[in-house]
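Please model the entire structure based on the sequences and the hints provided.
So the sequence lines, in the order shown, correspond to chains A and B.
Each residue of the first sequence is one higher than the one before, counting from 1 in our numbering.
Each residue of the second sequence is one higher than the one before, counting from 1 in our numbering.
Hints are supplied without guarantee of correctness; some may be wrong.
What the hints assert, rightly or not - A few chain B residues facing chain A, derived, Cβ under 8 Å:
id, residue
1, L54
2, S58
3, N84
4, I97
No wet-lab data here; the hints were simulated from the structure.
C-beta atoms are modelled at their ideal positions from N, C-alpha and C, and glycine is treated no differently.
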Amino acid sequence: MGGKSHAAGVIALISVVGGLLAWEAASRLLVSNKLFLAAPTQIVMAVIGLARSGALAHHAAVSAGEFAAGFAISTVIGIPLGLVMASSKTAKSALQPWVYGLYATPTVALAPLFILWLGIGIWSKVLVVLSLVVFPIALNTEAGLRTTSRELVETVRSFGASASQVFFKVSLPSAAPLIFTGLRLGIGRGLIGVVVAELFGARAGLGQLISESSETFNMPNLFAGVCLLALSGIALTVGFTSLERRLFPWREEQG
Amino acid sequence: MAHPKLEVSWLRKSFPGLDVIGGISAAVQKGEFISIVGPSGCGKTTFLRIVAGLEQASGGEVRLDGRVVREPGADRGFVFQSDNLLPWRTIYDNARIGQEIAGRSGAAERQRTMDMLKLVGLEGFEHYYPRQLSGGMRQRVNLARALAVDPEVLLMDEPFSALDAQTREIMQTELLRIWERGRKTVLFVTHQIDEAVLLSDRVWVFARRPGRLQEVIDIPIPRPRDLSAKRTPDFVALVDRIWRLIEHDVRDSVLHENT
Ligand SMILES: Nc1ncnc2c1ncn2[C@@H]1O[C@H](COP(=O)(O)OP(=O)(O)OP(=O)(O)O)[C@@H](O)[C@H]1O
Ligand SMILES: [Mg+2]
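Laid out in structure tokens, this is it:
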């Protein structure tokens with residue numbers, strides 16, 4: 001198994017390096033117009049330049065703050081919302097159409113409206129993130145609690161467990177993996193929300209950097225913003241996956 | 001005669017449109033091992049669940065040491081048919097959950113959990129997760145979990161039915177050995193008549209439609225017993241006698257299920 005994963009890593013590395021080389025070659029040899037594409041080396045230089053000037057840290061910090069605030073509020077609202085839906089049939093019937101409907105809606109399209117309401121500062125972005133992230137968290141929480149095994153609940157009940165003991169010792173731990181799946185889904189959606197909302201209008205942020213660069217035809221800076229977003233998305237997802245593995249060791253596949 | 005440990009009087013249970021238990025009265029003395037046999041659907045599980053407090057009786061009552069019981073509690077330990085271990089808890093934490101629910105967390109309690117795991121032969125597996133254990137091992141944890149709360153009465157609903165034949169026989173001897181050590185009061189539901197005879201002081205034979213206690217059979221086979229008891233003429237005669245009591249009902253229930 002170790003050998004196989006080693007081989008897989010080598011293939012992935014070759015694929016990435018090869019892709020970058022092809023990109024570099026294409027942008028140097030095929031696309032003569034600098035307005036259409038930037039080579040990886042130029043992007044690296046742009047990142048360094050932005051980092052030196054302090055602009056990078058500023059933009060990244062603004063976007064990260066918006067993402068973190070939106071994500072935190074989504075968690076604080078989404079998990080209790082899922083709880084309410086799981087614990088009462090009436091609440092579920094009343095809330096489900098809205099939650100499902102809004103989950104399926106690309107609410108990022110509402111960003112201009114939110115900017116109208118809340119201005120171009122960070123709060124319109126936080127609201128966009130919230131509108132994208134809260135629903136998958138609520139739905140996964142509800143699903144996790146709904147699928148709690150009745151036999152396991154009976155088992156702790158047979159020892160005289162109270163309703164709150166049943167909740168904390170069975171329902172919640174059994175729903176936790178799905179709740180985390182909801183959070184992980186929220187990461188990707190939240191990042192999209194931040195960037196797209198900033199494209200519509202912002203004072204700072206990686207999305208704002210991208211839109212400003214595109215207006216000034218600064219391709220290296222544009223790609224620098226995109227690459228940073230890609231990297232943070234990957235880093236967050238990988239970090240989250242390893243957190244899940246640590247929190248739920250009992251879920252590991254056998255063998 | 002001493003006060004019975006467990007006393008059931010005029011116990012009835014109906015589900016909408018179905019009388020499942022039609023008036024059962026019986027008493028169990030402290031330290032007695034009782035097996036309940038009977039055709040499928042005669043209400044054995046329902047009976048045990050009412051005693052456990054997981055189900056409410058429609059009439060009659062259950063008394064434990066003279067007190068009426070209606071709710072589940074740590075004075076009764078239920079061993080379920082499927083092991084029902086919490087997959088996110090280690091074996092030790094699974095075995096301890098009854099004490100945890102009762103709010104007991106002293107050193108003595110922790111020691112008792114360890115002792116029970118040792119008793120069922122799982123010393124050294126405390127930090128494993130359930131998925132890492134075989135079906136037989138998980139069923140031992142199920143038993144240890146019920147024993148860890150030191151219940152007055154142990155309620156077991158076909159605990160070995162999911163195990164293969166060899167593991168099952170091993171578990172029967174293990175249970176005999178464990179029971180000899182503590183002499184708990186046990187109600188043990190099974191479909192296997194030889195299992196009932198091997199383990200029990202008395203066998204309750206249930207009849208169906210509605211479920212009722214048809215006959216109580218004493219098992220005078222001397223203890224301590226082991227698997228070799230199964231080959232004695234007395235044993236075979238008892239199995240035969242019980243089988244003849246329920247044969248008609250069993251045929252009836254099988255035919256019913258097929259139509
Ligand atoms: N919650 C319930 N609602 C309605 N009917 C039920 C319920 N629980 C059990 N029954 C019915 O009660 C009858 C007795 O069920 P029970 O499980 O007690 O039988 P059993 O003797 O344990 O059967 P088996 O040997 O197959 O386990 C069955 O006809 C069953 O369908
Ligand atoms: Mg049953």
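Against the structure, the hints:
no.	hint	result
1	L54	holds (6 Å)
2	S58	violated (20 Å)
3	N84	holds (4 Å)
4	I97	holds (6 Å)
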